[in-house]
Amino acid sequence: MIGLLIFSVLLFVASVVASSLSVVCVAGQCLQGSSNTTLGVTLSSSDESATVLLLPSQYASTTNPQLLHNMLTSKSASLSPSPGFNSSASVDLPLDLALEIGMAIYSGSLYSGTAAFTSLPSSPASNSSTTLSAASLALSSSVWAAVDIGNERVVLWDSIPDIGQLPLSGSLSLLDLQSSACSPSCSSSGDSRANLANLAPRVSMVPNARRVLLVAPNAMKEFREQADAWS
Numbered sequence: 001m002i003g004l005l006i007f008s009v010l011l012f013v014a015s016v017v018a019s020s021l022s023v024v025c026v027a028g029q030c031l032q033g034s035s036n037t038t039l040g041v042t043l044s045s046s047d048e049s050a051t052v053l054l055l056p057s058q059y060a061s062t063t064n065p066q067l068l069h070n071m072l073t074s075k076s077a078s079l080s081p082s083p084g085f086n087s088s089a090s091v092d093l094p095l096d097l098a099l100e101i102g103m104a105i106y107s108g109s110l111y112s113g114t115a116a117f118t119s120l121p122s123s124p125a126s127n128s129s130t131t132l133s134a135a136s137l138a139l140s141s142s143v144w145a146a147v148d149i150g151n152e153r154v155v156l157w158d159s160i161p162d163i164g165q166l167p168l169s170g171s172l173s174l175l176d177l178q179s180s181a182c183s184p185s186c187s188s189s190g191d192s193r194a195n196l197a198n199l200a201p202r203v204s205m206v207p208n209a210r211r212v213l214l215v216a217p218n219a220m221k222e223f224r225e226q227a228d229a230w231s
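At position 112 of the sequence shown the residue is numbered 112 (our numbering), and the sequence of numbers has no breaks.
Some hints could be false.
What the hints assert, rightly or not - Computed beta-carbon distance windows for the label pairs: (1) 171 x 142: 25 to 35 angstroms; (2) 171 x 120: 19 to 29 angstroms; (3) 61 x 162: 27 to 37 angstroms; (4) 133 x 100: 12 to 22 angstroms; (5) 170 x 89: 32 to 42 angstroms; (6) 66 x 123: 45 to 55 angstroms; (7) 36 x 65: 21 to 31 angstroms; (8) 169 x 142: 44 to 54 angstroms; (9) 170 x 61: 42 to 52 angstroms; (10) 67 x 129: 43 to 53 angstroms; (11) 127 x 61: 44 to 54 angstroms; (12) 151 x 73: 50 to 60 angstroms; (13) 69 x 117: 43 to 53 angstroms; (14) 181 x 34: 20 to 30 angstroms.
Read the hints as simulated data drawn from the structure, not as lab findings. Positions of the beta carbon are idealized from the N, C-alpha and C atoms, including for glycine.
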């Protein structure tokens with residue numbers, strides 16, 4: 001989940017020509033280019049002219065490349081987290097950066113633009129929904145989101161770098177946000193279907209879902225066909 005997210009960001013930065021000093025890093029690798037990505041934590045230091053966007057990863061005093069190492073170990077280093085990342089202003093190594101448990105949405109594709117974060121609800125979702133103005137979204141590990149896209153109920157198990165690339169169109173609304181680690185199911189009012197449960201047992205947690213699509217690698221087509229069979 002997080003690996004796909006990081007790969008999407010680094011691939012984009014690597015594919016564009018540098019127009020200003022923008023550096024995006026994970027532990028062991030940094031890319032300089034043009035990027036509007038806002039996911040992660042911004043690292044700055046008075047010792048360096050550049051600022052670095054740290055993507056989710058584990059950072060230590062031995063982390064390379066050299067620019068990243070110098071900034072992480074600088075006495076003047078400071079951090080500025082984006083929504084969903086809980087980090088102090090000072091750098092305390094080792095540093096484990098990860099999206100908090102929940103979902104972050106971004107106004108631009110590839111996790112760029114204005115960001116907002118939603119944590120897991122304290123109680124099961126009701127029948128209400130929340131409209132989302134998002135072009136991309138990031139899910140933390142072990143979290144799934146039930147959304148409505150153009151009157152299609154969709155269960156997202158992974159981060160989506162570009163919602164416009166999904167084979168669906170229409171307004172986006174959040175129906176539910178839950179931990180996939182819950183046992184028994186976090187909400188039990190779902191319409192359980194044995195054939196779908198055998199493929200993805202936790203999909204039945206979506207309240208009152210008659211048609212369910214699962215967004216995950218190589219799974220969309222199979223689940224769309226399964227959903228169409230219920231019509």
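Taking the hints in turn, this is what the structure says about them:
no. : hint                          : result
1   : 171 x 142: 25 to 35 angstroms : 27 angstroms, holds
2   : 171 x 120: 19 to 29 angstroms : 23 angstroms, holds
3   : 61 x 162: 27 to 37 angstroms  : 36 angstroms, holds
4   : 133 x 100: 12 to 22 angstroms : 21 angstroms, holds
5   : 170 x 89: 32 to 42 angstroms  : 41 angstroms, holds
6   : 66 x 123: 45 to 55 angstroms  : 49 angstroms, holds
7   : 36 x 65: 21 to 31 angstroms   : 23 angstroms, holds
8   : 169 x 142: 44 to 54 angstroms : 29 angstroms, violated
9   : 170 x 61: 42 to 52 angstroms  : 49 angstroms, holds
10  : 67 x 129: 43 to 53 angstroms  : 44 angstroms, holds
11  : 127 x 61: 44 to 54 angstroms  : 51 angstroms, holds
12  : 151 x 73: 50 to 60 angstroms  : 53 angstroms, holds
13  : 69 x 117: 43 to 53 angstroms  : 29 angstroms, violated
14  : 181 x 34: 20 to 30 angstroms  : 38 angstroms, violated
This entry does not satisfy hints 8, 13, 14, going by the numbered hints stated previously.
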